[in-house]
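Taken in order, these protein sequences are the chains called A, B and C.
Under numbering that gives the first Met the number 0, think of the first position of the first sequence as 0, with each following residue one higher.
Under numbering that gives the first Met the number 0, think of the first position of the second sequence as 0, with each following residue one higher.
Under numbering that gives the first Met the number 0, think of the first position of the third sequence as 0, with each following residue one higher.
You may find that some hints are simply not true.
[Stated by the list, open to error] Residues of chain A clear of chain C, computed beta-carbon distances all greater than 12 Å: (1) I6; (2) V20; (3) H26; (4) T32; (5) V57; (6) L71; (7) W88; (8) L102; (9) A103; (10) W104; (11) Q108; (12) S109; (13) R125; (14) G152.
[Said to hold, decoys possible] Result set (DSSO-like, lysine-lysine): computed pairs, CA atoms no more than 27 Å apart in a straight line: (15) C:K58 / C:K90; (16) C:K160 / C:K198; (17) C:K198 / C:K90; (18) C:K160 / A:K22; (19) A:K22 / B:K100.
Please keep in mind that the hints were generated in silico from the structure rather than gathered at the bench.
Note that the coordinates shown come from a computational prediction; the quantities given were computed from them, not determined experimentally.
Every residue, glycine too, gets a C-beta built ideally from N, C-alpha and C.
The chain contents come next:
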Amino acid sequence: MSPVFYILAAITLAGGLAAVVLKRLVHCALAVTAAFAGLALLYLQLDAQFVAFAQILVYIGAVAILIVFAILLTRGSDLPKEGVFSRTWFVGLVIAAAVFAVLAWTVVQSLRGVPQQTAVPAVAVRDIGNMLVGRYVLPLEIVALLLTAATIGAVIAAMHQKEGRQ
Amino acid sequence: MNGFASPLAGYLLVAALLFAIGLAGALTRRNAILVLIGIELMLNAANLNLIAFWRFGPHPEALTGMMFAIFSIAVAAAEAAVGLGLVISIYRHTHTAELDKINRLKG
Amino acid sequence: MTTTPASVTADQIFILLRDWLAGFLPAGLRTAADVVLGVIAIVAVFPALFALTTVFERKGLGRMQNRLGPNRVGPYGLFQPIADGIKALIKEDVVPLRADTVVHFLAPLTLVVAVFMEFAVLPMGRNMALVDMDAGLLFFFAMSASTELSVFMAGWSSRNKYSLLGAMRAIAQMISYEVVLVLSSISVVMIAGSLKLTKIVAEQNQYSGQFPHWYVFTPWGVAAALMYAIAATAETNRSPFDLPEGESELVAGYHTEYSGFKFALFFLGEYLAMFAISGLGVTLFLGGWSAPLQSLNVIPSWVWFFAKVMLCIFVFIWVRGTVPRLRQDQLMNFAWKFVLPFTLLDLVVTALWRFMGQGWLRWIVCTLILAAAYVLMGRFGLREERMGRRSYRYAE
Chain A
0 MSPVFYILAA ITLAGGLAAV VLKRLVHCAL AVTAAFAGLA LLYLQLDAQF VAFAQILVYI
60 GAVAILIVFA ILLTRGSDLP KEGVFSRTWF VGLVIAAAVF AVLAWTVVQS LRGVPQQTAV
120 PAVAVRDIGN MLVGRYVLPL EIVALLLTAA TIGAVIAAMH QKEGRQ
Chain B
0 MNGFASPLAG YLLVAALLFA IGLAGALTRR NAILVLIGIE LMLNAANLNL IAFWRFGPHP
60 EALTGMMFAI FSIAVAAAEA AVGLGLVISI YRHTHTAELD KINRLKG
Chain C
0 MTTTPASVTA DQIFILLRDW LAGFLPAGLR TAADVVLGVI AIVAVFPALF ALTTVFERKG
60 LGRMQNRLGP NRVGPYGLFQ PIADGIKALI KEDVVPLRAD TVVHFLAPLT LVVAVFMEFA
120 VLPMGRNMAL VDMDAGLLFF FAMSASTELS VFMAGWSSRN KYSLLGAMRA IAQMISYEVV
180 LVLSSISVVM IAGSLKLTKI VAEQNQYSGQ FPHWYVFTPW GVAAALMYAI AATAETNRSP
240 FDLPEGESEL VAGYHTEYSG FKFALFFLGE YLAMFAISGL GVTLFLGGWS APLQSLNVIP
300 SWVWFFAKVM LCIFVFIWVR GTVPRLRQDQ LMNFAWKFVL PFTLLDLVVT ALWRFMGQGW
360 LRWIVCTLIL AAAYVLMGRF GLREERMGRR SYRYAE
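Could you build all of it, start to finish, from the sequences and the hints given here?
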């Protein structure tokens, strides 16, 4: 394991943890952006250039922006009076810890079977493109349909809002 | 047990921890947007697993894990848009995004 | 090619210089030294160009508005940016009392860093791309997308309604036009068959007779380049799309609460984004570093790249001096009802061009489709938003 991996993992996990525990919602959104960036760098470490840049473009460029827009539109930038955690926070924490315990146990148990360092796979963007319009063309079309449906849904929601205001 | 030297195990453990953090966020916070952030973290952890398995798997040239991750990113973007749209429309009805207060259907 | 060795040396002068400097180091450090020297070159050249451009812009605008422009510091006011820089450095750094200090501090830094990263993939001459990535175009767009969050950070952390409004406007506008920016570049990717920017330039660096095969000289290329130019103007918040900092309504937009050096950083980031987006436009449509006529290849390739970038900057300034600012609803309608559908149609036309073979028929068909669409969409698509004749109350 290289030190770069540890630094990137620390950035990602710290960002994720801060996103969950910070009080102000906007800070949470910015922290989760740090986690997204850390993940993109981890993908670069894994030689997945295309996915790393797609991650930055989609998550930092779109999802993070959507989140901050939603925070501002729901007046989430003010601090709530009753605290930020729900009453049943302890149960949630126990469940999450249990899930992590099971996952980590599984990973550690199966360590013997995992492969060691392998050669860097030579993957050009061209191969990804050929795969997308070749073997994976049906999923691609389905995703296109899904995104179209989401776009139409967003337009309808916006139109509805306009009617309500008039 | 020489497995901790294996890079794959490191990535899998990071992904597991990130997943747990996201789950904890989704389960313990009151604000609906924070719950969505938690779900995004969980999705990202799954993506990290996919890429790690692609990289260290037996057939990286088949690109299966990478394709999964690409589609997962595309679907997650749509999911975020729809989810946040729902939060905003709920906010319009109830004037709050706190999940504890949205209890109109409670008997 | 009839280039003499002297012209080849001039062409590769920076590469040779870099190799010569790296030659003083042990062999193990040379690759690292190459990268560091490249980064130093980018970090030195573009801010210097920024300083020059500020004078150029103020003089140019002054000329268009029939006034002199800066002419006090140095010959013809050329040292004005030095005076401005000193002023920015010694000004008090004011942070609003209720501002979120950490985010307020981080916003200009993340903006400038992300913008600088964009230059890493631009081929600024033959063999002169710092990192020749396989997914270079995607990297560029990823970096330019991450500047949006810095704008939000600046606007939100200032705790000022003008800042927040300016930031929201800027983000809405940047997201809307980013779609167009990416889609208009995709038509180039469809023809060149690569996301690698050096490959895209190499595809255009061919000549039939004297004339180059630049993508702007094809029907789909003109359409895509026009849409790219519109989107680039909006993406960099330049006039006529400079609503985010419309000083008549919003003081200065998202950087209202910034002063001194942090404001200078925003200013720098804005101009660097302009250079980067012009550089990408030059690379995609205007043949990158290739010469406009084959016989002009004697002149070094990097001269052509920077000349083309400065030409684009001049067009930015020209447009700023000519066109009045749009309203927010006009801006959004224009993006979603005209620019985006036209870009999508251009993608279809590009595919048609790709599969219609080499003949002259594709020129006629593609030109006709695009021209008809342009006229029809302009006439009917924007009908509701068409401005009436301007009337002056006092003149009636």
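Quick rundown of the hints versus the structure:
no., hint, result
1, I6, "holds, 17 Å"
2, V20, "holds, 16 Å"
3, H26, "violated, 8 Å"
4, T32, "violated, 6 Å"
5, V57, "violated, 9 Å"
6, L71, "violated, 7 Å"
7, W88, "holds, 26 Å"
8, L102, "holds, 30 Å"
9, A103, "holds, 32 Å"
10, W104, "holds, 36 Å"
11, Q108, "holds, 37 Å"
12, S109, "holds, 33 Å"
13, R125, "violated, 7 Å"
14, G152, "holds, 16 Å"
15, C:K58 / C:K90, "holds, 25 Å"
16, C:K160 / C:K198, "violated, 46 Å"
17, C:K198 / C:K90, "violated, 46 Å"
18, C:K160 / A:K22, "holds, 22 Å"
19, A:K22 / B:K100, "holds, 18 Å"
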